[in-house]
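Could you slot chain G onto chain A? The hints should help.
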Amino acid sequence: MISANLSAIFYLISGILFILALRGLSSPETSRQGNFFGILGMIIAISVTFLSIGNFSSGFVFVLIFLIIGGSIGAFIAYKIPMTAMPELVAGFHSLVGLAAVFVAISAFLNPVAFNLGSPGNIKLGSLIEMSIGAAVGAITFSGSIIAFLKLQGIMSGSPITFKGQHPLNALILISIIVLTFLLCSTQSSNLFWILLAVSFLIGFLLIIPIGGADMPVVISMLNSYSGWAAAGIGFTLENTALIITGALVGSSGAILSYIMCKGMNRSFFNVILGGFGATEQLASSKNKEQKPVKSGNADDAAFLMKNASSVIIVPGYGMAVAQAQHALREMVDTLKKNDIKVSYAIHPVAGRMPGHMNVLLAEANVPYDEVFELEEINNDFANADVAFVIGANDVTNPVAKTDPQSPIYGMPVLDVEKCKSVLFVKRSLSPGYAGIDNDLFYKENTLMLFADAKKMTEDITKNL
Amino acid sequence: MEIDPFIFRSSIFILSIFIGYYVVWSVTPSLHTPLMSVTNAISSVIIVGAIIAGLAGDSENIFNTSSIFGFLAISLAAINIFGGFLVTQRMLAMYKKKKKDKQ
Chain A
46 MISANLSAIF YLISGILFIL ALRGLSSPET SRQGNFFGIL GMIIAISVTF LSIGNFSSGF
106 VFVLIFLIIG GSIGAFIAYK IPMTAMPELV AGFHSLVGLA AVFVAISAFL NPVAFNLGSP
166 GNIKLGSLIE MSIGAAVGAI TFSGSIIAFL KLQGIMSGSP ITFKGQHPLN ALILISIIVL
226 TFLLCSTQSS NLFWILLAVS FLIGFLLIIP IGGADMPVVI SMLNSYSGWA AAGIGFTLEN
286 TALIITGALV GSSGAILSYI MCKGMNRSFF NVILGGFGAT EQLASSKNKE QKPVKSGNAD
346 DAAFLMKNAS SVIIVPGYGM AVAQAQHALR EMVDTLKKND IKVSYAIHPV AGRMPGHMNV
406 LLAEANVPYD EVFELEEINN DFANADVAFV IGANDVTNPV AKTDPQSPIY GMPVLDVEKC
466 KSVLFVKRSL SPGYAGIDND LFYKENTLML FADAKKMTED ITKNL
Chain G
30 MEIDPFIFRS SIFILSIFIG YYVVWSVTPS LHTPLMSVTN AISSVIIVGA IIAGLAGDSE
90 NIFNTSSIFG FLAISLAAIN IFGGFLVTQR MLAMYKKKKK DKQ
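From first to last, the protein sequence lines are chains A and G.
Per this note's numbering, the very first residue in the first sequence carries number 46; after that it's consecutive.
Per this note's numbering, the very first residue in the second sequence carries number 30; after that it's consecutive.
Hints listed in this document are in silico derivations from the structure and should not be mistaken for laboratory results.
A portion of the hints provided could be inaccurate.
[Said to hold, decoys possible] The list that follows gives simulated cross-link-like pairs (lysine-lysine, DSBU-like), each with its CA atoms no further than 30 Å apart: (1) A:Lys466 / A:Lys447; (2) A:Lys501 / G:Lys125; (3) A:Lys447 / A:Lys464; (4) A:Lys501 / A:Lys125; (5) A:Lys382 / A:Lys340; (6) A:Lys308 / G:Lys125; (7) A:Lys352 / A:Lys489; (8) G:Lys125 / A:Lys508; (9) A:Lys387 / G:Lys125; (10) A:Lys337 / A:Lys489; (11) G:Lys125 / A:Lys383; (12) A:Lys464 / A:Lys501; (13) A:Lys125 / G:Lys125; (14) A:Lys489 / A:Lys464; (15) G:Lys125 / A:Lys352; (16) A:Lys489 / A:Lys508; (17) A:Lys387 / A:Lys352; (18) A:Lys464 / A:Lys337; (19) A:Lys382 / G:Lys125; (20) A:Lys340 / A:Lys352; (21) A:Lys501 / A:Lys383; (22) A:Lys501 / A:Lys337; (23) A:Lys387 / A:Lys464; (24) A:Lys387 / A:Lys501.
[Stated by the list, open to error] Part of the chain G face toward chain A, derived, beta carbon under 10 Å: (25) Asp33; (26) Ile46; (27) Phe47; (28) Gly49; (29) Val52; (30) Thr62; (31) Asn69; (32) Phe100; (33) Leu101; (34) Ser104; (35) Ala106; (36) Val116; (37) Arg119; (38) Met120; (39) Tyr124.
Note that beta-carbon positions come from the ideal geometry of N, C-alpha and C, so glycine has one too.
Chain A on its own, in the form it takes in the complex:
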């Protein structure tokens, strides 16, 4: 049994190690060390908790058993999960943090003595407020992440689900959460606590259903942030520094990522959260559906163009992940490099379904990270490149965002693909992208459409090189 002061110092140390874990991610070289700091911080926090309770009775055995059960499941998932499924995995993990926060809050509410928070029916006011916030945010994180998971997994349709009176209903529920928290604090009634939880689960669900599939990068980041605030709320309840520091770190991390994602789409945070983007715009675009001429080619044509190029820029998007084409793509690039063609990759901030999604897939395919560039770094190079190879991306290359103020994506930063001498566009059909707008790029003089599955087409091109 160690003193409360000593354990507080150890919790502070593990909080600092968590900061270093995030700090390490500033470059790939330091990142592995950072992850090690994170693991160390976690081991310290868990060991100190055991030591400070000092109760190594039969209960302790059960703690270990449950720890091992969860740990094995987690380790199994971590080794088995394909990299293309990272967004689903992260959404799933967020839901678990949320649910764990809810469970901890419930058990603190039922047995406040164990946590030094007073007695049942007479919990300290401050603790009760913190507990309610932790539980409510945790519940929202849980149900919201479940919906995000189902949408990403394709079990639930990715299109936004909207209905009349949606926003007033959500506002009403949010107000009721505040009222319930207030009533709970004044009456200490356990019924109110359960109702608060139920309502929070409901609002998490309702908040995420109107948000469409391509807005998932924002949603995942936002839920990341929520899971942090939930942890911080519980940290206040338990008076635990490690948890407060971590909660704040994760909360601000998620908030920054959401901000970056929103900026990548030139949309305000509220615009995304209020949802219904895809549904309304599609109507507008279907009106002017006249047939414009499109040049389409095959793998042979593409290989010819690339063979005669001196520099090629590759623009990957979500379609590459769906087709699992990253390995085939890297093989194609290897062949190009053998022919002394300079190849780089251009990644738009919102390419894929979560922040950094494309980078991970390319890293998986052994693409060195110093060949991969962000939008600002590479956008000027398109004018000097011979071929742009767009694989699975669409809206992020649409020049309409720069030219047509009427367009729903006007103002969104896009990759200047059209400035290349020629553009190869791998796509299954001419169908518009998620935003439901026609891509002007399809009809440009210098664009060659390659209608095929991304993986198959890339493989065919490699054969023809």
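For chain G alone, kept in the frame of chain A given last:
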């Protein structure tokens, strides 16, 4: 008059938000996915609360409603801790430089 401990905790909280703000802005965009998985893992330090809850049952009655929720939360958080750190490690191991790649 004595300062309420809540104020101290709030100070830590607010300062940590600032630290988080600056640290996360310095994360390179290509590592945003590992950032999410590692924040997932560290936010599961909530397991300390779950352990306290799990050990709160008395020796004759290990499983009461409160401790059962604690045990469940331990498992959930453990999935996240192991899963989060290991998947992050797996991802980070893939980020290689050009030189290494050619060898």
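Next item on the list: Kindly indicate which numbered hints from before are broken by the structure, ordering the numbers from low to high.
Entry: When the structure is compared with the hints, none of them turns out to be violated.
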